[in-house]
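Chemist: Assemble the whole structure, with the sequences as input and the hints as a guide.
What follows is the residue order along each chain.
2 protein chains.
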Amino acid sequence: MLSFYTARTIRWEDGKVILIDQTKLPNKLTYITCTKPKEVVEAIKRMQIRGAPAIGAAAAYTVALAAYHTKANNLPDLLKEIEEAGKMAKNARPTAANPAWAVERTLSAAKKATSVEEAVKLVVKEAETIAEEDIEACRKIGKYGETLLKDGDTVLTQCNAGALATVGYGTALGVIRAACEKGKCIKVIVPETRPALQGARLTAYELHNDGIDVMLIADTAVGFVMRKKLVDKVVVGADRITSDGHIFNKIGTYQLAVLASEHSIPFYAAAPTSSFDLKSKAEDVVIEERSPDEIVKIKGQRVAPKGVRVYNPVFDQTPPNLISAIITERGIIKPPYERTIKHTLTKP
Amino acid sequence: MLSFYTARTIRWEDGKVILIDQTKLPNKLTYITCTKPKEVVEAIKRMQIRGAPAIGAAAAYTVALAAYHTKANNLPDLLKEIEEAGKMAKNARPTAANPAWAVERTLSAAKKATSVEEAVKLVVKEAETIAEEDIEACRKIGKYGETLLKDGDTVLTQCNAGALATVGYGTALGVIRAACEKGKCIKVIVPETRPALQGARLTAYELHNDGIDVMLIADTAVGFVMRKKLVDKVVVGADRITSDGHIFNKIGTYQLAVLASEHSIPFYAAAPTSSFDLKSKAEDVVIEERSPDEIVKIKGQRVAPKGVRVYNPVFDQTPPNLISAIITERGIIKPPYERTIKHTLTKP
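In order, the protein sequence lines correspond to chains A and B.
Under my numbering, the first residue of the first sequence is numbered 538, with each subsequent residue one higher.
Under my numbering, the first residue of the second sequence is numbered 538, with each subsequent residue one higher.
It is possible that part of the hints are untrue.
Given that identical chains are not distinguished, each listed pair holds provided it fits within a single copy or across any two copies.
Stated by the list, open to error - Straight-line distance between alpha carbons at most 25 angstroms, and here's what the computed SDA-like set of lysine to any residue pairs gives:
(1) K724 x G844
(2) K836 x N849
(3) K765 x E820
(4) K834 x N746
(5) K721 x A544
(6) K816 x S861
(7) K836 x P850
(8) K724 x R846
(9) K608 x R548
(10) K766 x P829
(11) K766 x S798
(12) K843 x I569
(13) K565 x E831
(14) K765 x R846
(15) K719 x G868
(16) K724 x K834
Just so you know, the hints here were simulated from the structure itself, not pulled from any lab data.
Modeler: Structural data, given as structure tokens:
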């Protein structure tokens, strides 16, 4: 049984990218091996790999694959080729900040080279560094974040901000893991998180595998468990955080934050600095809409009448006034976010 | 195609009870014929028929079946037999108020008889009256409730408080139907309503069949659509209403009410007076918990890891301060509920 304290969601191996196929979980643990950039991009689109930090690493590896297998014999051709790959990876899903950031880093690395060989080496190395740094960031997020949790706390999380959403260890679940590693007894409640059921399929699986006490509820039961005083803290991930502290995360996060506020429960978001976007305004961030099939069919079985209209936004926006603190690898950021986020991200 | 303006969910026919099997919807429209009380009770337990007013009528018909097919040759034996049947029906699901009320009415009818034959006649007649009155109540609820809706409104409802939740026409959906019959253009948004997906399976089906504009969303998207100002009013049903205005309804209703309040959206509950319980205190009402299988499996397919802990309460409690008004067949009840509910229900 995989331990998600140490498991790796995605890795590089001699010109191949190997990733866990998350659409098959929890029933089967299988891996996909990609040798072409397009294969990684397709895996992102199909949500075989998902989670902002994980698809950031996947985007970097997409560029690395393009570089590693290039037939270009001059730098401009190579750059053009890897820029194309980077663009595909960035556009695979629009809401998370990390893919654009990761692509940018790999392309910058290539631009420092004076030969094709050197560029390939630098790009692959940069992708590897991004992946390594992500695990390190998650561990630091855990280290900072666990100080917010008390022994005996029950934490409600949503979707999957775990090892599977990152290269390893997780952001929100990293905080929980770090608290457990410190010897604190933490219980977790997770709503199943329709439409893609990442709470049921992935978070319950990760935590159950690791022997962390996890209880699964329907998305409709969030208010109920809060009203029953079963929840001490809420900790979620974030796919994009703007400079004024708006958080873009899995659909349902916003209502979780409203409910937490209504019940005076602290609401924390945990994310690496690679999920921050200091340039965009909140109103300009694209909320991805996915296929109606995710709603009208579950595991291929029809659950709604044919022809019915469906609206399937898969992310939402939580305003800063509902967020108690943001946990990053650079420390815990507290309001007023318009000042503290910039301060934390730009300090040396 | 069935029109839910006129369709009947459950009916009596010469000693048989015929009901739509709602577990097969929306894929197949099939009927179940029951001749034994136990068959109706099993249909209630399996949610082949569900919705407080509908299972109220089903409970009355359970007693009617026991009476109709009795072999008792004296009144005390008959009464004992039908009391047993009534008890089974009342206990099939604990949260809705209507079954106990309906059973009480049929038993009271029997007690007026001076012979077994007369008792059978009176019980069957009373069950038929309960069913007829339910349709009538729904139409009146619609008549009163539609005055709260404006031409062009988008109404968010939850679960199914439609024709299928009653003997016909519906409570919350009755209000929407009545507004449509008045020529108002009403759009409906319905979350799928896990775990049993009555929003996706039943409400979307009813409204789509009737040509009423309905849009299906995930339960996680409720806050999102409210924040986007897509919702003008919320109208839901109620399985039990206590004298001080606490509403017990499908899990998810409470968080809907909190979110409606946060976005200054009026929140209405629509229910016949048979759903009121003036005796119980809110804290004494039993919240039904159903099988973990409803969460970990969807249509027989496993979506969560084996062995994971599940909490599956299927109703919740919404406090009076979150409820703008309660729509009944006796008129619209407004706060302060501790005075107005009693007043409305006891007036001649």
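Chemist: Now tell me if each hint is right for this structure.
Modeler: A quick look at each hint next to the structure:
When the C-alpha separation of K724 and G844 is checked against a cutoff of 25 angstroms, the pair qualifies only between copies, where the shortest distance is 16 angstroms, while the shortest distance within a copy is 42 angstroms. Proximity of K836 and N849 under a CA criterion of 25 angstroms is satisfied in both settings, with 17 angstroms inside one chain copy and 21 angstroms between copies. Taking identical chains as interchangeable, the C-alpha atoms of K765 and E820 lie at most 25 angstroms apart only when they sit on different chains, with a minimum of 12 angstroms there against 35 angstroms within one chain. In this assembly of identical chains, the alpha carbons of K834 and N746 lie at most 25 angstroms apart only when taken from different copies (19 angstroms versus 28 angstroms within one copy).
For a Cα distance limit of 25 angstroms, the shortest separation of K721 from A544 inside one copy, 22 angstroms, qualifies, whereas the shortest one across copies, 57 angstroms, does not. Taking the closest pair of Cα atoms, K816 and S861 come within 25 angstroms of each other only inside a single copy of the chain (23 angstroms); across copies the shortest separation is 42 angstroms, beyond that limit. In this assembly of identical chains, the alpha carbons of K836 and P850 lie at most 25 angstroms apart whether taken from the same copy (19 angstroms) or from different copies (24 angstroms). Taking CA atoms no more than 25 angstroms apart as the test, K724 paired with R846 passes between copies only; the shortest distance there is 11 angstroms, against 38 angstroms inside one copy.
Taking CA atoms no more than 25 angstroms apart as the test, K608 paired with R548 passes inside one copy only; the shortest distance there is 23 angstroms, against 74 angstroms between copies. For the identical chains of this complex, K766 and P829 are inter-copy neighbours only, at 21 angstroms across copies versus 35 angstroms inside a copy, given an alpha-carbon limit of 25 angstroms. Proximity of K766 to S798 under the C-alpha cut-off of 25 angstroms is found in both arrangements, the shortest distances being 13 angstroms within a copy and 20 angstroms between copies. Proximity of K843 and I569 under a CA criterion of 25 angstroms is satisfied inter-copy only: 24 angstroms between copies versus 33 angstroms inside one chain copy.
Both within a single protomer and between protomers do K565 and E831 lie at most 25 angstroms apart by alpha-carbon distance, with minima of 20 angstroms and 21 angstroms respectively. With identical chains, the CA atoms of K765 and R846 are at most 25 angstroms apart between copies only, with a shortest distance of 18 angstroms across copies and 35 angstroms within one. In this assembly of identical chains, the alpha carbons of K719 and G868 lie at most 25 angstroms apart only when taken from the same copy (18 angstroms versus 59 angstroms across copies). For the homomeric pair K724 and K834, the shortest alpha-carbon distance between copies (23 angstroms) is at most 25 angstroms, but the shortest distance inside one copy (32 angstroms) is not.
Of the numbered hints given earlier, the model fails none.
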